[in-house]
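Given the sequences, and given the hints that come with them, work out the whole structure.
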Amino acid sequence: MKKTFSDLSVIVAVREQLSCCLDEETLILNLKSGAYYSLDAVGARIWSLIQEPTTMGEIQDVLLREYDVEPDSCGCDLEALLTQLADKGLIEVT
Amino acid sequence: MVLSTSIAGIRREDELLLCCATTRMDAERAKRIGMLLTCDTDWAYLLRTALRHGVMPLLYRNLNSTHPEAIPETFLGHLRDLFRENALRNLFLTAELYRIISLFEAHAIPAVPLRGPTLTAYLYGNLALRQFNDLDILVRSHDVTKARELLISHGYQPEFNLTGKQEKAFINCCVTRTFTGGNGRVFIELHWAVTPRYFSFTPDFEHIWRRIGHVSLSGNTIPATVSEDLLLLLCIHGASHAWERLTWICDLAELFRVHKAMDWRLVIEQAAKLGIRRMLFVGLYLANNLLGATLPNTVLRRIHTEPRVKSLATSAYKTLFREANDRTQRFERLLFYLRAMRRLSDRVRYCITPSSSDWVSTPLPCYFSYVLRPFRLLRKYVPVLARHLLRQ
Chain S
57 MKKTFSDLSV
67 IVAVREQLSC
77 CLDEETLILN
87 LKSGAYYSLD
97 AVGARIWSLI
107 QEPTTMGEIQ
117 DVLLREYDVE
127 PDSCGCDLEA
137 LLTQLADKGL
147 IEVT
Chain X
4 MVLSTSIAGI
14 RREDELLLCC
24 ATTRMDAERA
34 KRIGMLLTCD
44 TDWAYLLRTA
54 LRHGVMPLLY
64 RNLNSTHPEA
74 IPETFLGHLR
84 DLFRENALRN
94 LFLTAELYRI
104 ISLFEAHAIP
114 AVPLRGPTLT
124 AYLYGNLALR
134 QFNDLDILVR
144 SHDVTKAREL
154 LISHGYQPEF
164 NLTGKQEKAF
174 INCCVTRTFT
184 GGNGRVFIEL
194 HWAVTPRYFS
204 FTPDFEHIWR
214 RIGHVSLSGN
224 TIPATVSEDL
234 LLLLCIHGAS
244 HAWERLTWIC
254 DLAELFRVHK
264 AMDWRLVIEQ
274 AAKLGIRRML
284 FVGLYLANNL
294 LGATLPNTVL
304 RRIHTEPRVK
314 SLATSAYKTL
324 FREANDRTQR
334 FERLLFYLRA
344 MRRLSDRVRY
354 CITPSSSDWV
364 STPLPCYFSY
374 VLRPFRLLRK
384 YVPVLARHLL
394 RQ
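For the protein sequence lines, the chains are S and X, in the order given. If you're matching positions, the first sequence starts at 57 in this note's numbering and goes up one per residue. If you're matching positions, the second sequence starts at 4 in this note's numbering and goes up one per residue.
Treat the hints with care, as some may be off.
Said to hold, decoys possible - DEER-style ranges, computed between Cβ atoms:
hint, chain 1, residue 1, chain 2, residue 2, range
1, X, Leu347, S, Glu148, 57 to 67 Å
2, S, Asp143, X, Thr301, 53 to 63 Å
3, X, His217, S, Glu148, 20 to 30 Å
4, S, Asp79, X, Thr224, 22 to 32 Å
5, X, Thr181, S, Glu108, 34 to 44 Å
6, X, Asp43, S, Lys88, 47 to 57 Å
7, X, Arg333, S, Lys88, 37 to 47 Å
8, S, Thr60, X, Asp43, 56 to 66 Å
9, X, Thr301, S, Asp79, 35 to 45 Å
10, S, Lys88, X, Gly167, 32 to 42 Å
11, S, Lys88, X, Asn175, 19 to 29 Å
12, S, Thr111, X, Arg268, 40 to 50 Å
Since the hints were derived computationally from the structure, they do not count as laboratory data. Virtual Cβ for every residue (Gly too), placed ideally from N, Cα, C.
Structure follows, in structure tokens:
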């Protein structure tokens, strides 16, 4: 199901997962489904931010500060990743 | 200095491993790694030794972060693949640990994971940075039968089968039982005491449970022994294996790094009560001397006044980086362990108390196993001792 996000959406990783950081990758195991997922360096940075409840706006601010990216493109990519994470049952959005 | 002069003369590859056996790389170590990499390196030996010592993830992490340009691309790529495989396996084993702990909880069996995932998360802060192969879980002795039934009903098989009467005797004689599950991919060691039966004093589950702490794993909390108890358990475990794997010494160094408020008075008191003060001091000496772990001066002074600590540490150095055959290692491990015990009574009890492997060969009534144990030890070690003496 397509999730919609706003700057005030609060995102947090669900408890039913385990993850670990490799160099430029984060591996995630969904404890409910047993499926493994992999995030690239930027995805791993986002994943580290949402270990605590964080708003979409706060995540975007961090990414704009740390990466050379346009705000529009950053927003679209972030929303696409969060939608995938939500679809896989790895995050909660309120 | 990272290295002690007492192990000067070890291979460059071994020194590389020592420099890489940390989660906190500093400038001095990084510089030394760079110097070591300027000479010819036996990459196959380095990898084989890192895997044997359980420090392959730290080797990869630290070589890759300090001097990737000095490592052949194929070797670094292979190491990266192994690092990733290990991380995936650790996630799998940790998920299994959750499943088992939840299963026990649902059946009112309090359980504490020992070592493995909780230790890795607590000391290394990342499940990818340590190798572990099995899951050690501590339960009350009167819950062992129930825990065994639950494990079997969830696809695990015990190492050997026992009748009800034999199991009762086994629980009184031994302290662990091994199970295999997950299509042979998961080994669980069920413990019902934290020290072997031959120790004069064996703290029971309640002793650990009264002071239990928790470790956070991806937002979930899981019971874990407090740092002071963990330190003692690591030293007993290391001594029982003659500290033959670098990862066990690295665990101590990381423990002192993450838990700076160690209650040393309590640790030394508990160690004296358990008769393992020498084992504790040998562990501390190795972590300090080999990996530069920081210890308070008062503790260092105590270590230097304890008899045999330095000679035991020297024995550990000799075997740490030697590719000996298994039989010789077992014999040296036995000698090391007996020397590390302070009490004569513990040594005598070690020689007469049946071990799990005694039960595997012949499950007998407990009293009979006590009689046979010294003969089993003689049969096992006399040929090795004879060969050793002949070589001398």
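These are the hints, each one checked on the structure:
no. : hint                            : in the structure
1   : X:Leu347 / S:Glu148: 57 to 67 Å : 60 Å, holds
2   : S:Asp143 / X:Thr301: 53 to 63 Å : 57 Å, holds
3   : X:His217 / S:Glu148: 20 to 30 Å : 22 Å, holds
4   : S:Asp79 / X:Thr224: 22 to 32 Å  : 28 Å, holds
5   : X:Thr181 / S:Glu108: 34 to 44 Å : 39 Å, holds
6   : X:Asp43 / S:Lys88: 47 to 57 Å   : 50 Å, holds
7   : X:Arg333 / S:Lys88: 37 to 47 Å  : 44 Å, holds
8   : S:Thr60 / X:Asp43: 56 to 66 Å   : 60 Å, holds
9   : X:Thr301 / S:Asp79: 35 to 45 Å  : 40 Å, holds
10  : S:Lys88 / X:Gly167: 32 to 42 Å  : 37 Å, holds
11  : S:Lys88 / X:Asn175: 19 to 29 Å  : 41 Å, violated
12  : S:Thr111 / X:Arg268: 40 to 50 Å : 47 Å, holds
Hint 11 from the earlier list is the only one contradicted by this structure; the remaining hints agree with it.
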